[in-house]
Structures are given as C-alpha cells and as structure tokens.
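K.L.:
First to last, the protein sequences are chains X and C.
The numbering of the first sequence is this note's numbering, which starts it at 1 and goes up by one.
The numbering of the second sequence is this note's numbering, which starts it at 331 and goes up by one.
Hints should not be assumed to be uniformly reliable.
Stated by the list, open to error - Straight-line C-alpha distance at most 25 Å; calculated DSS-like pairs for lysine-lysine:
no.: 1; chain 1: C; residue 1: Lys-394; chain 2: X; residue 2: Lys-40
no.: 2; chain 1: C; residue 1: Lys-394; chain 2: C; residue 2: Lys-377
no.: 3; chain 1: X; residue 1: Lys-24; chain 2: X; residue 2: Lys-40
no.: 4; chain 1: X; residue 1: Lys-40; chain 2: C; residue 2: Lys-377
What the hints assert, rightly or not - To be clear about the criterion: a stretch of chain X counts as covered by chain C if any three or more of its residues have a C-beta under 8 Å from a C-beta of chain C, and this derived list gives those stretches:
no.: 5; region: 4-12
no.: 6; region: 23-34
To be verified - Only some residues are given here: those of chain C computed to face chain X with a beta carbon under 8 Å:
no.: 7; residue: Ser-358
no.: 8; residue: Thr-361
no.: 9; residue: Gly-385
no.: 10; residue: Thr-388
no.: 11; residue: Lys-394
no.: 12; residue: Leu-400
no.: 13; residue: Ser-448
no.: 14; residue: Glu-466
no.: 15; residue: Phe-467
In short, the hints are calculated from the structure, not lab data.
Quick reminder that beta carbons are idealized off the backbone N, C-alpha and C, glycines included.
The chain contents come next:
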Amino acid sequence: MHPFEYVRPGDVAAAVALVSADPKAEYLAGGTTELDLVLKDGVLEPDRLVDITRLPLRGITRAENTLRVGALVTMNELAADPTVSERLPFVREALLAGASPQLRNMATIGGNLLQRTRCRYFRDTTVPACNKRSPGSGCAAARGPARMHAILGASDHCIALHASDLCVPLVALDTVVDIQGVDGSRSVPLTQFYVLPGERPDIENVLQHGELITQIRIPLLPVGTRSGYLKVRDRASYEFALTSAATALLIEDGTIVRARLALGGVGTIPWRALEAEEILHGAPATGRTFRAAAQAALADPFTVAGTAFKVELAERTIVRILHTVSGVRP
Amino acid sequence: METTHFAGADIDLALRVNGCPRRLHLDSRVTLLDALREDLGLTGTKKGCDQGACGACTVLLDGKRVLSCLTLAAQCEGLDVTTIEGLAQDGQLHPVQEAFIRHDGFQCGYCTPGQIVSAVALLQEGRTGSDEEIREFMSGNLCRCGAYPNIVAAIREIAGRGSE
Numbered sequence: 001m002h003p004f005e006y007v008r009p010g011d012v013a014a015a016v017a018l019v020s021a022d023p024k025a026e027y028l029a030g031g032t033t034e035l036d037l038v039l040k041d042g043v044l045e046p047d048r049l050v051d052i053t054r055l056p057l058r059g060i061t062r063a064e065n066t067l068r069v070g071a072l073v074t075m076n077e078l079a080a081d082p083t084v085s086e087r088l089p090f091v092r093e094a095l096l097a098g099a100s101p102q103l104r105n106m107a108t109i110g111g112n113l114l115q116r117t118r119c120r121y122f123r124d125t126t127v128p129a130c131n132k133r134s135p136g137s138g139c140a141a142a143r144g145p146a147r148m149h150a151i152l153g154a155s156d157h158c159i160a161l162h163a164s165d166l167c168v169p170l171v172a173l174d175t176v177v178d179i180q181g182v183d184g185s186r187s188v189p190l191t192q193f194y195v196l197p198g199e200r201p202d203i204e205n206v207l208q209h210g211e212l213i214t215q216i217r218i219p220l221l222p223v224g225t226r227s228g229y230l231k232v233r234d235r236a237s238y239e240f241a242l243t244s245a246a247t248a249l250l251i252e253d254g255t256i257v258r259a260r261l262a263l264g265g266v267g268t269i270p271w272r273a274l275e276a277e278e279i280l281h282g283a284p285a286t287g288r289t290f291r292a293a294a295q296a297a298l299a300d301p302f303t304v305a306g307t308a309f310k311v312e313l314a315e316r317t318i319v320r321i322l323h324t325v326s327g328v329r330p
Numbered sequence: 331m332e333t334t335h336f337a338g339a340d341i342d343l344a345l346r347v348n349g350c351p352r353r354l355h356l357d358s359r360v361t362l363l364d365a366l367r368e369d370l371g372l373t374g375t376k377k378g379c380d381q382g383a384c385g386a387c388t389v390l391l392d393g394k395r396v397l398s399c400l401t402l403a404a405q406c407e408g409l410d411v412t413t414i415e416g417l418a419q420d421g422q423l424h425p426v427q428e429a430f431i432r433h434d435g436f437q438c439g440y441c442t443p444g445q446i447v448s449a450v451a452l453l454q455e456g457r458t459g460s461d462e463e464i465r466e467f468m469s470g471n472l473c474r475c476g477a478y479p480n481i482v483a484a485i486r487e488i489a490g491r492g493s494e
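In isolation and in its complexed conformation, chain C is listed as follows (with noise of 0.2 Å):
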C-alpha cells in the first residue's frame, strides 16, 4: 500500500453513503458529520453535542455504529456509510423506525435520528435480551425529552420480546 498525503485543504475522497457512491472534495479537518450534512445535504444525522458525548450524529461505518462528529471524513476512504436516510428501503420505513412510531419513541425528535441508527445496530449486535440491557446498550445516545421507556418499548418489540 502506498502511503497517501493530502495537503491540508485538499482531501479526495470516494466512500458510499446509502449504497450511492460519492466523491467528495473536502479539507482535512471536515468530520463525517460535517461531510454529510453540509456536503451531502443529507442532514437526518444530527450535530448534538459535536464532542462525542450524546450519540445524536450516530451512523453506521462499515455496518458498525460510530459517531460521526469523532471521525475524520478523510478516514472514511472506500468506506460504506448508512444514515437515517438509508434505512427506508423501497419507500417502505425500516421496521425500527415504524417502531419508534408505534411507541411514541420521541418527543422533540431530535435525537431520533441517533437512537434508531444506534437500535439498528443493537438488534443486529443481539444486546436485546432485557431492558436492563437494551438500556445499558443504547447508553450512548441520550435523550434529553426523557423518551427512554418509549425508545425501551421500541426496541423490545422488534427484538421479539413483546410488550413485557
């Protein structure tokens, strides 16, 4: 592997957001949050704290959950990016965010965006067995308006828990 170096403001970047390859042209100090939103227009992935303490910019690199504000767009080189954007499929909602619906997962929203990007994630990882840990595995994503039981309920459900 060669070893590639770009000048500070002038980053050439190829990764795939939601199946879609893009190029991008950006500076060096451009997170992926950053690049999403302002570059890509694709502003479901939300900038809450910026600092990697609130889990609102949660996205899925690689098929894992990371938070977006912490990485470098740069770093997302041939990488494969899922957002909130890209979880509908066929103009059919992703069953976590139907859940959200059915529970009333959310007050002002958001946060929204982060917790199912995060639930997602979750269900896939098969940390789901209690509430006790659905809670302790959806730490990472804070919600202000307090929906936790709802965002819980949620969760369960599709984990196939029912309503406990």
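Isolated chain X (complex conformation) (with noise of 0.2 Å):
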C-alpha cells in the first residue's frame, strides 16, 4: 500500500493552497469511495491526503427559490431537511435509494459529485486494459463481461458509469456547483460539470487540479410541481442502479407545460435527456407521449453484449416513472 501524508488543513484557502501546489495530492471527505479507492483497491496512490471534512463547509440554508448546500454536508443529513421533502422529495428520494445508512452519514455531497466514474475493471489494478487508470491501454470492459456499465456517453474507449443517484435529480434541476480555486472563485452549471469521455476518460469533469467544491445551489422546484426518482436494481436495497429515471412535471389540464428528466445507472455522466424533454414540453400527458420520450432518450446507445438489455429497462423505468409522477394510469 502505498503511503500517503495526512494533513488537515486549518480552514479552505489552505486546503486548496495544498492541493493545488501538489499534484500527487488529493482532498479527503467522506471518504467511502476515496479510501476504497486508495487503501483497499490501490487503484489511486496520492502522497498526500487533505483531509477536508473539519472545514466549515457544512451548512443548508434557502435563500428565496435556490438551496444553499455545503460539499460537506452528508447524505442524511440533507435527506433530513425539511425543505427538501418539501419542495425537492424526488431528491430526499434519490439521496435514500443511495448506498446503505451507514455510508450515507459518512459520504458528503461534493463527494458524491465527485465520486469517480468507476467500474470493476478500473478497480482490478491486475487488468492492463483500462483507458481511465491508464490512459492510451484500451478498454477491458467493452471487450468483456459488462452489467453495471453505462450505454449513454459511452464508446470503446471506456463505458464506466457514473454511479450517483443524487446527481440524476441534480442534473435535472440545473443545480449550480460553487468551486473555490486558489485564485478565486466560480460557478459551473451540473450540467455541464462533467466531461464526455471520449478518449479520455481519465478526465471526468472541469475542475482543475486542487479546485474544491465548495457548495452547490439547487434550485426549489415550484410550486405545484410533482416529482420522483424511479431506481431499478438486482437487489431491494443497497445495491447500483441498473437503470434509474428522475423526472419533475407541472401538468395543466392533462398538457405538460414544464419537464424535466434524468437517467441514472446508465450514462458515464448523470445524464440529462434533453431530447426526452423537448418531446414532452406542450404535449399531452398520455402514454404515447411518454414512450415517444423514452425512446428518444435512448435513440444513441452504445452498448456491448452485457448491456444491451439496458436500453429497454431504461426506456421502461422512463415511462414508469413518468405514469407514476403523472398520475396517468398505463
């Protein structure tokens, strides 16, 4: 194993001072996928871990229509506020469908944006063939036995999956995430957070070395609106996603007039499905409607022999859901 220093750093600016001047130096939160990662599969091997979580980065606040969330509050904890079963449940769903309690009080939501794109090839340091580990060695996984691995975003260079259940509502919500630099500050919209893999995949999302996120803002879903997160899996609990689907509609006399709709279990990044949305904007609320969404959120896919079953479990999780939150029986 390799060793690594321990630092914990007295408040934000150093933290990102320290990260930033070292490039074998990685923040430290919750740690539930980082020391996985580290310690136990030796898939990374920082020299210094920047342990994060003392900072005072941990507060919920609302301010008007926009949730304020620290990167260091934890999963239950946000599951927890009352604003968010109020006005965002699909997200207090998404948050409790995730991992088992036990991670939830330990696993931080900048963690969980950040949590790597990942699959069980990348994880086996013993498989040569992983462009994320090793960039330029090709793809094990799209050549052999692939289940938990993503069919949208995907190509032969890499098809692991962003696994988060929280980032499927974010994304739809156009959450905003708050980063801290060390020279200054910036906002970047969710949806354009994460990067494409493309060739490579080690690259998963704009932040620059050493960056830290340091809240994210989520904006309330109005009034009236009705949501829910739809999360299939090979077992009842405390298991990833095969497939997942967050939508929130606003219905006015039987016509969608707002939409928003998201895929987990399925993208290499938490996928929005604009063209899903397009279709159900002004349309009737009716199962035609929702097949014709379905399938154009999964009209691209990219799949191998292991996962072609996917693209029409996601269209069906699609369409479940949007029965569900509609309320227009099937």
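Please assemble the complex out of the two chains, which come individually in their own frames, going by the hints.
P.N.:
Next up, the structure:
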C-alpha cells in the first residue's frame, strides 16, 4: 500500500493551496470511495491526503427559491432537511435510494458529485487495459463481461458508469456547483460540470487540480410540480442502479407545461435527457407521449453484449416514472 | 484553526472510545477498524469485506453509525467512538443485545456486532415504523447465515411494536 501524508488544513484557503501545489495530493472528505480506491484497491496512489472534513462547509440554507448546500453536508443530513422533503422530494428519494445508512452518514454531497466514474476493470489493477487508469491502454470492459456499465456517453474507449443516484435529480434541476481555486471562485452548472470520456476517460469533470467544491445551489421545484425517482436494481436495497430515472412534471389540464428528465445507471455522466424533455414539453400527458420521450432518450446508445438489455429497461423505467409522477394510468 | 501535518507513519491521535480517553500513535493509513482491533484490542468490531460492502465493522462515531473500515483513524481526532463493547452498562447488556439473544438473531455471529450497533442507531433514528422500514434501514448490514427474520423481530420488539 502506497504511503501518504495525512494533513488536516485549518481553513478552505489552506486546503486549496495544499492540493493545488502538489500534483500527487488529493482531498479526503467522507472517504467512502476515495479510501476504497486508495487503501483497498490501490488504484489511486496519492502522496498526500488533505482531510477537509473539519472545514466549515456544512450548512443548509434556503434563500428565496434556492437551497444552498455546503459541500460537506452528508447524504443523510440533506435527506432529513425539511425543505428537501417539501420542495425537492425526488432529491430525498434519490438520496435514500443510494448506498446504505452507514455510508450516507459518511458520504458528503461534494464527494457524491466527485465519486469516481468507475467500473470493476478500473478497480482491478491486474487488468492492464483501462483508459481511465492508464490512458491509451484500451478498455477491457468494452470487450469483456459487462453489466454495471454505461450505454449513454460511452464508446470503445470507456463504458464506466457514473453511479450517483443523487446527481440524477440534481442534473435535472439545473443545480449550480460553486468552486474555490487558488486564484478565486467560480460557478459551473452541473449540466456542464461533467465531461464525456471521449478519448480521455481519466478526465471526468471540469475541475482543475486543487479546485474544491464549496457548496451546491439547488433551485427548488415550482409549487405544483410533482417529482419522483425510480431506481431499478438487482437487489431490493443497497445496490447500484441498473437503470434509474428522475423526473419533475408540471401538468395543467392534461398538458405537460414543464418537464425535467434525467437518467442514472446508464450514463458515463449523470444523464440529462434533453431530447426527451423536448417531446414532453407542451405535449398531452399520455402513455404515447411518455413512450416517445423514452425512445428519444435512448435513441443513440453504445452497447456491448452485457449491457444491451439496458436500452429497453431504461425506456421502461422512464415510462413508468412518468406514469407514476403524472398520475396518468398506463 | 491551524493546519496539522503528519508524516506518513507518525500520527498522534487522541480520541474517546466507549467513554474512555485513548491515545494512539499510528501510520496514516490505519483505518479506525484496524486501530480498534489491533491497537486497542477491541476485537468485537469485525472485519468482513473490509471494503464498505457488508456492515460488519459498523461503529458509532459521535453517535452516528459509520463504517470503520472506510474511516481513517486519523480522521477521528477528538471524536467519540462507540463499539459493541461499549453498549453494555454496569454489567447489563444493552436492550438490543438482549433482544438479539431472545429472538436468536444470529447464527455464526460474525455480523452480529455490526448488526447490533447498527440497530441501536436505527432505533435512535426512529426508522422502525414497519418491518419493511426496518429491513430497508438495516440493509447496510449483511448476514450470510440469513438470520434476517429474527434480527427484524428483535428490533421490532425493542421498537415497541410487539410481535406482528
């Protein structure tokens, strides 16, 4: 196991300076993915872990129609927030569908966004071909047994999945990510935060080395909007999604006047289904509309033998959550 | 707050374990699980998967259930850790421990410390409104012997819902 220095910085500026100055330094928050990949799998080999868990990035505050969530708020803390229950119910559903109660007490919101896009081949250092671990080495997953892998945003270069449940409703909501770097702060919409793997699957988001997520800002759903999150998986609980879908619908007199749809379990990034939203906007809330939206969302998949089933499963997941949330019977 | 640096093999740590102040001198890579078992001799907390998948290593950190296998000991500076050894008071088993015995909530027993610590937290969280809710909020603790029905029965009894 690779040795590392453990550092507990006194404030955000010190943390950012420490990691920015050292290419082999990484942040440590809840640790549920980071320590797994560092200590257990040996996939990541930082020389220095900068523990940010004591930094003052923990509050949840409501300002008008936005919820500001500190990066170190845990999944369970956010799920217990009354504004989330009242105005972002599908965020709460997604939080409680993820991981286990113990992990949700540890895992932070910033860490959830930044959990590595990963697969079994990435985690197994005895597998030579992994473009994410060793750029240019190939992708063993695209040629071997695959199931928990992506079909959207994927290619021969990489089919690893972004496994977050939480990010699915967050990306549907136009959440904004606030970032601190050595030279100042900036904000990036979550829809522009993640980078498709392309030929560089090792690059997963727009963060520069050392930049730190300090908070996210979640727009509350307009009053009257109904929302839901549906997760389909191999076990009833404590399991990653095979497919999932988050939707928020505002329906007036049988017409969909506002629709948001995002997918999990299928994308190399949390997947906003814009093509499906276009079909839903202004359309009658019917099973026919829902099926057309689902087909649009899955129009251009990249599948291998083990993931081909996910196209129909994802379509059915979308249709079902749209029925559930709209109240329109199948 | 000052920035604290520790060289890799040289962590000085003060924390409270089951109410007692403890001091440790550790490598930065040591998990809370290994510190408890190897350095403090508290072997009640079990190492199952050692990778955050089974829940056998569940402890309470400042009152909240967490996985000690995915927590660095160094991160616990100044915090309160409660393990299975800390649940009994004055020679009396914790009510959840007694209920597990009454309901035969284990077979081989390896996952049991984690199950019981997790159940203690679950009762504090109030997630015991139905058997379904108990199962969902105990899903982070696997039992390969399959003692789940009796585990649920033990928790149900302590939650005051009798035998449904």
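K.L.:
Next step is simple, just say for each hint if it's right about the structure.
P.N.:
Hint check:
1. C:Lys-394 to X:Lys-40: 23 Å, holds
2. C:Lys-394 to C:Lys-377: 19 Å, holds
3. X:Lys-24 to X:Lys-40: This hinted pair holds, its Cα atoms lying about 18 Å apart.
4. X:Lys-40 to C:Lys-377: The given pair, whose Cα atoms are some 13 Å apart, holds under the 25 Å limit.
5. 4-12: holds (count 8)
6. 23-34: holds (count 3)
7. Ser-358: 4 Å, holds
8. Thr-361: Hint holds; Thr-361 of chain C Cβ to chain X Cβ min 7 Å, cut 8 Å.
9. Gly-385: This hint holds: Gly-385 of chain C lies near chain X, its Cβ roughly 6 Å from the closest one there, short of 8 Å.
10. Thr-388: 6 Å, holds
11. Lys-394: At about 5 Å, which falls below the 8 Å cut-off, the nearest Cβ of chain X leaves the hint on Lys-394 of chain C intact, so it holds.
12. Leu-400: 5 Å, holds
13. Ser-448: 7 Å, holds
14. Glu-466: Holds - the Cβ of Glu-466 of chain C comes within 8 Å of chain X, reaching about 5 Å at its closest.
15. Phe-467: 5 Å, holds
Hint compliance for this structure: no hint is broken.
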